[in-house]
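Protein chains: 2
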Amino acid sequence: MAVCFQFQSPLKPITFPSIRNQKKVEPVFTSVKSFAPATVANLGPGFDFLGAAVDGLGDYVSLSIDSSVSPGHVMISEISGSSKLSPNPLFNCAGIAAIATMKMLNIRSYGLSLKLEKGLPLGSGLGSSAASAAAAAVAVNELFGAKLGVDQLVLAGLESEAKVSGYHADNIAPAVMGGFVLIKSYDPLELKPLIFPQNRDLFFILVSPEFEAPTKKMRAALPAEVGMPHHVWNCSQAGALVASVLEGDVVALGKALSSDKIVEPKRAPLIPGMEAVKKAAIKAGGFGCTISGAGPTAVAVIDSEEKGKEIGQKMVEAFLEEGHLRSVAMVKRLDRVGARLIDSVPI
Amino acid sequence: MAVCFQFQSPLKPITFPSIRNQKKVEPVFTSVKSFAPATVANLGPGFDFLGAAVDGLGDYVSLSIDSSVSPGHVMISEISGSSKLSPNPLFNCAGIAAIATMKMLNIRSYGLSLKLEKGLPLGSGLGSSAASAAAAAVAVNELFGAKLGVDQLVLAGLESEAKVSGYHADNIAPAVMGGFVLIKSYDPLELKPLIFPQNRDLFFILVSPEFEAPTKKMRAALPAEVGMPHHVWNCSQAGALVASVLEGDVVALGKALSSDKIVEPKRAPLIPGMEAVKKAAIKAGGFGCTISGAGPTAVAVIDSEEKGKEIGQKMVEAFLEEGHLRSVAMVKRLDRVGARLIDSVPI
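One line per chain: the protein sequences are D and U, in this order. In terms of my numbering, the first sequence has 167 at position 167, counting the first letter as 1, and numbering is strictly consecutive. In terms of my numbering, the second sequence has 205 at position 205, counting the first letter as 1, and numbering is strictly consecutive.
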């Protein structure tokens, strides 16, 4: 949702469910490698409380016990895939989340070195910061025997999100947990996974233009107040969106995704060509389309990869014709797993 | 939601999906009797778009072919259970819905006489007008061979609702269809039944005080605008409410029901004792509580009839102690059927 080196105070303090006073936590691996997926959030009427993970696109974190690093600290040894990120762990999404996870586990006797491979572009609206944070939180947790549950990993990631893009869990929760996740509340944190049926296919068509979404303008475009009729409308569409996910009804999901009358109408005009891209997606057979995160990526949904590619092509053409922007289309399945260990070296 | 003799212009014209130009519709019975259930609408964050039907509580309509009634017309021959309703079919919920249904079926050669038995009190927040309208629409439809589908019956009932309590379908749709119904849109009318799992029990605890809810004040209490944080909160709770219904999670349903930050906080203070009743319901083990419709009935939810009775007793006590209102408690199952034929006399 935002670039990783931005800094912003969290809106509310984070409660750490630390496991202090419990048995000392020891590493079970000398090194691990983790992956966390991209996410689409602000799903139309799901603004600020619903997000979904995207398969085959995301960030990698490699983490090792490193005796040259001060105990209880993290050193970022390498960042690939982006030249814009700070190697200072206090200013880096992966670093912040790794430190938060270490605190939760009360790790004071080991230093860690972290390597971040960005598979996601920054500021594209695909949950880049959340993917780095989720991968780092999971890597630390797995390195020390997976003592923390997903809620705690989300809280660790949330500390990173709060610093870089505001206190919102709609990217970090699906990045950690996979699938669709509804954020029911923050205090206490209550996450509701919405299981999309296993026997149904859902593809996201993600079209990212070469355009830096004006983050400040995107935020300023949000109305402070919402008229009652629009409020009721968006609430009803949020309900329909949740039903469509649980029932695996991709047509209804698309329709709900397209139905936002509050945020998208204010933000879409700030992304050149977005309105035309949405029309093109639907005309080409997409079941629905909206802005992914705070943009500039457009996200449409469909039930077949082949159709998705055709639709993506039309969306790319619309970005070029109407927005004068070059763009790249990808067709990706729903990720049902979330952040995960992909490699490990035993002690 | 409102008393039946009020009059109000519909907010938008109603489209009649008439079956004109089709084969002439003939009666298949000389008389029928129908039932339609009470409904709870404005379910916390489900305000104005979500309602549910209540088993074993509702209105009855008896309808006969009557050669003494002008063809194409309806005469209301008897109203029992209420002395406040107009026998003029143009000013009576059942009459309006019956006429609307006759128009849809293009019935011009038969006159009908209608008897209405009110099982529901007026203006209690239990969808009294919708129950009468649903029973009448279903009676006419069944008398003539059930040519219309539920969407059309809801539209016929909606004409009645528009005249007596505003253009809202969150009572009439569940009164016709049973279960929970989400109103996705009005133009065109799109109704989404939310199936509560068959193997789960859901009980509504309905506590109706002797108090006439100040309808005008109740409407005026609705804010014209909603702050963005409250909008996002209520949308997320609406999503959680829908998920809880589809998953049959009565605890989560109660929690979502209780979570409204927009309408209930404004309306509850207008019903003496309501806030205390809600607290009493939850303290006694109810999973959640809110105002039913526009009140004054309080509705709580639970998964056992026995526990429901205990909770209802505590709610009655709270209405008396804090609101100085006498009240009656009922514990009723979710109705899964909706308006139905219960008797018929063949031709």
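Because the hints were derived from the structure by calculation, they are not lab data. Just to be clear, a hint being listed does not mean it is correct.
To be verified - Each computed DSBU-like pair below joins lysine-lysine, with the alpha-carbon atoms no more than 35 Å apart:
1) U/266 <-> D/216
2) U/266 <-> D/266
3) D/23 <-> D/84
4) U/261 <-> D/266
Stated by the list, open to error - Beta-carbon label-pair distances, calculated as ranges:
5) D/70 <-> U/275: 23 to 29 Å
6) D/201 <-> U/343: 17 to 23 Å
7) D/220 <-> U/187: 19 to 25 Å
Computed from a predicted model, the values in this text were never measured in an experiment. By construction, the Cβ of each residue, glycine as well, lies at the ideal position given by its N, Cα and C atoms.
- Query: Can you name, in rising order, the numbers of the hints this structure does not satisfy?
  - Reply: Violated hints (numbers, rising): 3, 5, 6 and 7; every other hint is consistent with the structure.
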